[in-house]
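All letters in the sequence shown, in the order written, are residues 8 to 128 by this note's numbering.
Be aware that one or more of the hints could be misleading.
Said to hold, decoys possible - Straight line, CA to CA, 30 Å or less: simulated DSSO-like cross-link-like pairs of lysine-lysine: (1) 124 <-> 89; (2) 113 <-> 95; (3) 12 <-> 109; (4) 124 <-> 109; (5) 18 <-> 89; (6) 113 <-> 89; (7) 113 <-> 12; (8) 18 <-> 124.
Stated by the list, open to error - Pairwise CB distance ranges, derived in the manner of DEER restraints: (9) 124 <-> 61: 24 to 30 Å; (10) 128 <-> 54: 32 to 38 Å; (11) 79 <-> 14: 14 to 20 Å; (12) 113 <-> 10: 31 to 37 Å; (13) 97 <-> 127: 41 to 47 Å; (14) 93 <-> 128: 17 to 23 Å; (15) 87 <-> 116: 29 to 35 Å; (16) 66 <-> 124: 34 to 40 Å.
Hints listed in this document are in silico derivations from the structure and should not be mistaken for laboratory results.
From the three backbone atoms N, C-alpha and C, an ideal C-beta is built for every residue, glycine too.
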Amino acid sequence: TQLWKTVDTAKFRVAVSGGCPFSANHLADRGHFSMLIGDTPQYCPAFNTLESASAIFAEAFCEGFAWEVLEVMSGPPSLTFKWRHFGKFAGVYTDRNGQRHKGTGKLVNLVGLCVVKVNDQ
Numbered sequence: 008t009q010l011w012k013t014v015d016t017a018k019f020r021v022a023v024s025g026g027c028p029f030s031a032n033h034l035a036d037r038g039h040f041s042m043l044i045g046d047t048p049q050y051c052p053a054f055n056t057l058e059s060a061s062a063i064f065a066e067a068f069c070e071g072f073a074w075e076v077l078e079v080m081s082g083p084p085s086l087t088f089k090w091r092h093f094g095k096f097a098g099v100y101t102d103r104n105g106q107r108h109k110g111t112g113k114l115v116n117l118v119g120l121c122v123v124k125v126n127d128q
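Generate the whole structure from the sequences, applying the supplied hints.
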C-alpha cells in the first residue's frame, strides 16, 4: 500500500455484495481475485498471496483479463459506476486441489456495480 498515493489507506474498505469489508493492506496482500471469488470448492483465498493468485489467473487467462468502466452513474462525493472484467479462458486453471482445468477459449465476462466514496483530497 506504500505505492497507493491517491488512496487514504487508513480509511479504505472494500466489500463484495455486502460481505465482510477488506482493508487496504488485506487487499494489497491477497489481491482482488481472492476478494471477488471468495472461498469456493475450486479456490481458497487463504492459500494464496497476491503473487500466487495473480500467477494462477494469468495462466488461466493467458491472453489477458481486462477491466473497464462501462458507465458512470453518479459523481463525487459518492461515485457509482458499472464495470466489467473479461477475457478468454484459453489457458489452464489449477484449482485448490491441484487439479488442472484446460480452457476452451470461451469468453468469461463478469459485470459489477461499484460505489466509491471520495473526499476532496
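Hints, one by one, checked against the model:
Restraint check for residue 124 and residue 89: the C-alpha separation of about 15 Å stays at or below 30 Å, so the hint holds. Between the alpha carbons of residue 113 and residue 95 the distance comes to roughly 5 Å, so the proposed pair stays at or under 30 Å and holds. For the given pair, residue 12 sits about 39 Å from residue 109 by alpha-carbon distance, which is inconsistent with the 30 Å threshold. For the proposed pair residue 124 and residue 109, the alpha carbon gap of about 40 Å is over 30 Å, so the pair is violated.
A C-alpha spacing of about 23 Å is found between residue 18 and residue 89, which places the hinted pair at or below 30 Å, so the restraint holds. With a C-alpha separation of about 22 Å, the suggested pairing of residue 113 with residue 89 holds against the 30 Å cut-off. Between the alpha carbons of residue 113 and residue 12 the distance comes to roughly 37 Å, so the proposed pair goes past 30 Å and is violated. For a cut-off of 30 Å, the pair hint linking residue 18 to residue 124 stands: about 11 Å separates their Cα positions.
Between residue 124 and residue 61 the beta carbons are some 27 Å apart, a value that agrees with the proposed interval 24 to 30 Å. At roughly 37 Å, the beta carbons of residue 128 and residue 54 sit within the given window of 32 to 38 Å. Between residue 79 and residue 14, the C-beta spacing of about 19 Å keeps the proposed range 14 to 20 Å intact. Remark: the range hint 31 to 37 Å for residue 113 to residue 10 is upheld by a beta-carbon distance near 34 Å.
For the hinted restraint 41 to 47 Å between residue 97 and residue 127, the CB-CB distance of approximately 44 Å keeps it satisfied. A hinted range of 17 to 23 Å is violated for the C-beta pair residue 93 and residue 128, which are about 32 Å apart. In this structure the hint that residue 87 and residue 116 lie 29 to 35 Å apart at CB is violated, the actual value being about 20 Å. With their beta carbons about 35 Å apart, residue 66 and residue 124 fall inside the hinted range of 34 to 40 Å.
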